[in-house]
Amino acid sequence: MKKNLKLTDFSKGGERQLTEVNINELIPLPPPYDKIEELPEFKRLTDEQRERLVCNLDGVVSYAALPKPKNKKKEKKYVEQFVSGLKKLLSKENNWTFLQPLLLSLDYCAQCQTCNDACPVYLASGKNDLYRPTYRSEIFRRLVNKYAKPGGRLRAKLNKGDIELNWTTITRLYELSYRCNLCRRCAQSCPMGVDNALITRELRKLFSQELGWAPKELHEKGTVLQLEVGSPTGMKPHVAKDNLKFLDEDFTEATGIEISTPWDKEGADVLLMHSAGDIVSFPESPISFSILCNAAGVSWTLSSEIPGYDGVNYGLFYDDVQLAKIAIRHAQIAKKLKVKKIVMGECGHQHKAFMTVADRVFTGDLNIPRESVMTFLENIVFSGKIKFDSSKNDFSVTLHDPCNIVRNLGIVEPQRRILRYLCPQFREMQPHGVDNYCCGGGGGLSVMSDVNFTDWKVHVAGRMKFKQVLDAFSDQSGPEVKKYVCAPCLNCKLQFRDMFSYYGAREKSGIICSGLAELIVNAMVDIKKPFIEWKEY
Amino acid sequence: MSGIVWHIFTFGVIGIFLIVLTYRTLAIIRLPIHLRWELAPIPHEKGKGRYGGSYLEDYEWWNKPQHRSLIAPMIYMAKEILLLRGVWKHYTALWPFTFSLHMGIYLIAGMLFLQVVNAVLLIAQSPLYVLDFSLGIASVFALGGYLLGSLGTIGLLLKRSLDPNLRPFNTISTYVNLLLLGAVFISGGYAWLHSGDFISNMSLFMKSLITFDTGLTVTFPLSLHIVTALLFILYLPLTDMIHFIAKFFTYHSIRWDDKPQDEKMEQELNALLTQPVSWSAPHVKAYGKKSWVDIATAEMRDEKKS
Numbered sequence: 009m010k011k012n013l014k015l016t017d018f019s020k021g022g023e024r025q026l027t028e029v030n031i032n033e034l035i036p037l038p039p040p041y042d043k044i045e046e047l048p049e050f051k052r053l054t055d056e057q058r059e060r061l062v063c064n065l066d067g068v069v070s071y072a073a074l075p076k077p078k079n080k081k082k083e084k085k086y087v088e089q090f091v092s093g094l095k096k097l098l099s100k101e102n103n104w105t106f107l108q109p110l111l112l113s114l115d116y117c118a119q120c121q122t123c124n125d126a127c128p129v130y131l132a133s134g135k136n137d138l139y140r141p142t143y144r145s146e147i148f149r150r151l152v153n154k155y156a157k158p159g160g161r162l163r164a165k166l167n168k169g170d171i172e173l174n175w176t177t178i179t180r181l182y183e184l185s186y187r188c189n190l191c192r193r194c195a196q197s198c199p200m201g202v203d204n205a206l207i208t209r210e211l212r213k214l215f216s217q218e219l220g221w222a223p224k225e226l227h228e229k230g231t232v233l234q235l236e237v238g239s240p241t242g243m244k245p246h247v248a249k250d251n252l253k254f255l256d257e258d259f260t261e262a263t264g265i266e267i268s269t270p271w272d273k274e275g276a277d278v279l280l281m282h283s284a285g286d287i288v289s290f291p292e293s294p295i296s297f298s299i300l301c302n303a304a305g306v307s308w309t310l311s312s313e314i315p316g317y318d319g320v321n322y323g324l325f326y327d328d329v330q331l332a333k334i335a336i337r338h339a340q341i342a343k344k345l346k347v348k349k350i351v352m353g354e355c356g357h358q359h360k361a362f363m364t365v366a367d368r369v370f371t372g373d374l375n376i377p378r379e380s381v382m383t384f385l386e387n388i389v390f391s392g393k394i395k396f397d398s399s400k401n402d403f404s405v406t407l408h409d410p411c412n413i414v415r416n417l418g419i420v421e422p423q424r425r426i427l428r429y430l431c432p433q434f435r436e437m438q439p440h441g442v443d444n445y446c447c448g449g450g451g452g453l454s455v456m457s458d459v460n461f462t463d464w465k466v467h468v469a470g471r472m473k474f475k476q477v478l479d480a481f482s483d484q485s486g487p488e489v490k491k492y493v494c495a496p497c498l499n500c501k502l503q504f505r506d507m508f509s510y511y512g513a514r515e516k517s518g519i520i521c522s523g524l525a526e527l528i529v530n531a532m533v534d535i536k537k538p539f540i541e542w543k544e545y
Numbered sequence: 217m218s219g220i221v222w223h224i225f226t227f228g229v230i231g232i233f234l235i236v237l238t239y240r241t242l243a244i245i246r247l248p249i250h251l252r253w254e255l256a257p258i259p260h261e262k263g264k265g266r267y268g269g270s271y272l273e274d275y276e277w278w279n280k281p282q283h284r285s286l287i288a289p290m291i292y293m294a295k296e297i298l299l300l301r302g303v304w305k306h307y308t309a310l311w312p313f314t315f316s317l318h319m320g321i322y323l324i325a326g327m328l329f330l331q332v333v334n335a336v337l338l339i340a341q342s343p344l345y346v347l348d349f350s351l352g353i354a355s356v357f358a359l360g361g362y363l364l365g366s367l368g369t370i371g372l373l374l375k376r377s378l379d380p381n382l383r384p385f386n387t388i389s390t391y392v393n394l395l396l397l398g399a400v401f402i403s404g405g406y407a408w409l410h411s412g413d414f415i416s417n418m419s420l421f422m423k424s425l426i427t428f429d430t431g432l433t434v435t436f437p438l439s440l441h442i443v444t445a446l447l448f449i450l451y452l453p454l455t456d457m458i459h460f461i462a463k464f465f466t467y468h469s470i471r472w473d474d475k476p477q478d479e480k481m482e483q484e485l486n487a488l489l490t491q492p493v494s495w496s497a498p499h500v501k502a503y504g505k506k507s508w509v510d511i512a513t514a515e516m517r518d519e520k521k522s
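Which chain is which? The protein sequence lines are A and B, in order.
Under the working numbering, the very last position in the first sequence is 545; numbers go up by exactly one each time.
Under the working numbering, the very last position in the second sequence is 522; numbers go up by exactly one each time.
It should be emphasised that the hints constitute simulated quantities derived from the structure, not laboratory data.
Please note: incorrect hints may appear among the correct ones.
[To be verified] Lysine-lysine pairs mimicking PhoX-like chemistry, simulated, CA-CA at most 25 Å apart:
#: 1; chain 1: B; residue 1: K480; chain 2: A; residue 2: K343
#: 2; chain 1: A; residue 1: K100; chain 2: B; residue 2: K475
#: 3; chain 1: B; residue 1: K375; chain 2: A; residue 2: K168
#: 4; chain 1: A; residue 1: K84; chain 2: B; residue 2: K501
#: 5; chain 1: B; residue 1: K505; chain 2: A; residue 2: K85
#: 6; chain 1: A; residue 1: K343; chain 2: B; residue 2: K280
#: 7; chain 1: B; residue 1: K501; chain 2: A; residue 2: K76
#: 8; chain 1: A; residue 1: K346; chain 2: B; residue 2: K280
#: 9; chain 1: A; residue 1: K393; chain 2: A; residue 2: K536
#: 10; chain 1: A; residue 1: K348; chain 2: B; residue 2: K280
#: 11; chain 1: A; residue 1: K95; chain 2: B; residue 2: K480
#: 12; chain 1: B; residue 1: K506; chain 2: A; residue 2: K100
#: 13; chain 1: B; residue 1: K501; chain 2: A; residue 2: K224
#: 14; chain 1: B; residue 1: K506; chain 2: A; residue 2: K348
#: 15; chain 1: B; residue 1: K505; chain 2: A; residue 2: K95
#: 16; chain 1: B; residue 1: K375; chain 2: A; residue 2: K14
#: 17; chain 1: A; residue 1: K349; chain 2: B; residue 2: K295
#: 18; chain 1: A; residue 1: K80; chain 2: A; residue 2: K95
#: 19; chain 1: A; residue 1: K85; chain 2: B; residue 2: K501
#: 20; chain 1: A; residue 1: K229; chain 2: B; residue 2: K475
#: 21; chain 1: B; residue 1: K501; chain 2: A; residue 2: K100
#: 22; chain 1: A; residue 1: K135; chain 2: B; residue 2: K375
#: 23; chain 1: A; residue 1: K475; chain 2: B; residue 2: K305
[Stated by the list, open to error] So these bits of chain B aren't anywhere near chain A, every CB distance computed over 10 Å:
#: 24; residue: V229
#: 25; residue: L242
#: 26; residue: L374
#: 27; residue: N417
#: 28; residue: I426
Glycine is no exception: its CB is placed at the ideal position from the N, C-alpha and C atoms.
In isolation and in its complexed conformation, chain A is listed as follows (with noise of 0.2 Å):
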């Protein structure tokens, strides 16, 4: 393996590995996390699934049904398919959505490297040269110059560090861009205003809308799956509210505080959009709205219709013909209903995907109003229409920023007004606010699972956050101490979830993730008996 890549070195050696992913040069973690011998082992591909699969880039699969063609013919067939992509991506036509982003971001990029080391995945890594920000997005950008613009060819021979393209090259490249969380911590650091994360996903774009090649996660059984069945959890209109209305009389026979759920209330002021996703992991998220939305006298309502009752949009993270259908129809449920506004659930990438990116794909009356979840829950909170006693939320709590609601909408301080006020021990990770690191899940990788992709998401995209969470509880480490990393979003709570459960960091060090809700309802005087229950995952 190659310990210094260069930029060359992308394009050759076919099916070799170009690096691998080396556990003792991660950046260490604090006791009891230090002994690499006592964590589980890094899942390496057997010889089997070198055989059959395309690896050659870091030992790790994110896209097992990749194709792997028979003959040279074949190969080139897709790297022309690939040059295509590459021209429409500076077409105005093709890519008017982000053409502007995308061009200052390739033509001004100083080569600085300035935005390395705010990169976690790169940090976290041990500096492994292929996780660099910069290096992916110069490959891509001399392929851009070289393949898409005139007189690219001649250009590119006399400015040396030419990149050949191939067949290796673009599936190298189609696995990188799934190496990155799209958390934009780069772009901050830029002083040119450049986004590597942009560039990331244009070329994510690429490949999905001309090739057809994108994660299953968040293609196939994502957002086709949302459109055809409602949710990329499988679930259909009336499990959803099955499920809800289980988790209604649960709650109403355990406390005797009667609970109901509204479905499809027509002219409802608020259209509150969960993801569906919560129902399934994490119910006590979307019961904890009931309870608040009941308790507050809210006038709101869930939506039945595919696919208004899950709002995530994985379309954000690699395809904007996909974006754009998800935030269309769920705008068109919204519209239906008549609702006053549309509520967004925990959930970082829906805010970012409907609230700002969507917003000018809405024309006429498709744009009725959207608000976050943070404002929404804080206005609950302090409107004295609920009872709180915080002395009930008297344990140790942290907040994570999502990227997506944090760095990206700039909702830094409502979430932590309700967390000042509920949590008397409430404490703030080094970084925090718009700076935080992501966790590790951002980008779609939290709902990746192919192959061993797993192991590197745990081990190497969310050891930066991991490694924060720890800290910030570093003065009581053990598991006799309870701790509650507060995580509204849920991508978020699911990388967390692989986290913990891979580390062990409930029975080490007595951590728990779930959402903001949960911890508001845990603090109501109305209700006896603690809501957040310790338990394992």
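Given chain A, put chain B in place with the hints provided.
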């Protein structure tokens, strides 16, 4: 070089520079409106920008007036442009070199501006003490600029050539850009040392340009410097060194563009949404026949067919 050649060469270079720069700037401006892609912190968010907050932190933000600060973005950009705040914060080891180089450029730009002022003062036969004062400041700017610029360029050349963090990303144009910049600073320093009263000679040169006096004479060191600088100015707009223009757009049109859709925007968006698309993946299959609207609002039965 005779006087008339100096005039043609100088004004020709400035003309080409302005034309190419304008063309490239217009090329950026004419790009279509894009989807929102803002990034915190956005300094114009009054009272919130300092911690990265935005108007989306307000309950029912669409019913609230937006308070935008005009000063905060200017302060942010001043720190970014003059002090290179971002590099200082995120790559401190690079900062001394790049700061020297940029400060050198700013001082030389300042000196050039003052030389135009001095030329006007000469033409207007202003009181000598005024001219002397202005020449004095220009002289300090020149000396500081050539020194800092030379140090910064040499430092950056060495850093970029030797540092394994930077070296893999160098191309021929990386070196050409730095060498040309270095040549401008070093030739300037050489002229400052070897052309007698450098600042006065340069202001006389400016005066002769402004008055179209073809009888000007220029010393060899000053000629060498002016020719080098003009060649650099000719080359500059062809390169990514015009990031001083691009940066305006990356910040104001992308990172800080948090403007909700309005009527004017909607007209442009409607036109863009009805354009034909030619992406050809199985879930799109547009082939130039479908528009964005067709694709995004297609019924599920169409998707099942594909």
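task: Check the non-interface label on N417 (chain B): least C-beta distance to chain A beyond 10 Å or not.
output: Its Cβ never comes within 10 Å of chain A, the nearest being 34 Å, so this holds.
query: Under the criterion that the straight-line Cα-Cα distance not exceed 25 Å, is the pair K229 (chain A), K475 (chain B) satisfied?
result: Status violated; Cα separation ~34 Å.
Holds or violated: K135 (chain A) to K375 (chain B), with C-alpha atoms at most 25 Å apart: Within the cut-off at roughly 19 Å; holds.
- prompt: Within a Cα-Cα threshold of 25 Å, do K349 (chain A) and K295 (chain B) meet the stated pairing?
  reply: 40 Å, violated
query: Holds or violated: are the alpha carbons of K348 (chain A) and K280 (chain B) at most 25 Å from each other?
result: 16 Å, holds
message: Holds or violated: K505 (chain B) and K95 (chain A), Cα atoms, limit 25 Å.
response: Holds, because 18 Å separates the two Cα atoms, which is no more than 25 Å.
field: Status of the stated non-contact between L242 (chain B) and chain A (beta carbon gap over 10 Å)
entry: 13 Å, holds
task: For the pair supplied as a hint, K393 (chain A) and K536 (chain A), confirm whether the alpha-carbon distance does not exceed 25 Å.
output: Holds. K393 (chain A) to K536 (chain A) sits at ~17 Å (cutoff 25 Å).
message: With the threshold set at 25 Å, check whether the alpha-carbon distance from K85 (chain A) to K501 (chain B) stays at or below it.
response: Measuring from Cα to Cα gives roughly 17 Å; hence the hint holds.
message: Run the distance test for K100 (chain A) versus K475 (chain B): straight-line Cα separation, threshold 25 Å.
response: The given pair, whose Cα atoms are some 21 Å apart, holds under the 25 Å limit.
message: Check whether the Cα positions of K375 (chain B) and K14 (chain A) lie no farther apart than 25 Å.
response: 18 Å, holds
query: Taking C-beta pairs only, is L374 (chain B) more than 10 Å away from all of chain A?
result: L374 (chain B) clear of chain A: closest Cβ-Cβ about 15 Å, beyond 10 Å.
Checked against the numbered hints listed earlier, the structure breaks hints 11, 14, 17, 20; every other hint is satisfied.
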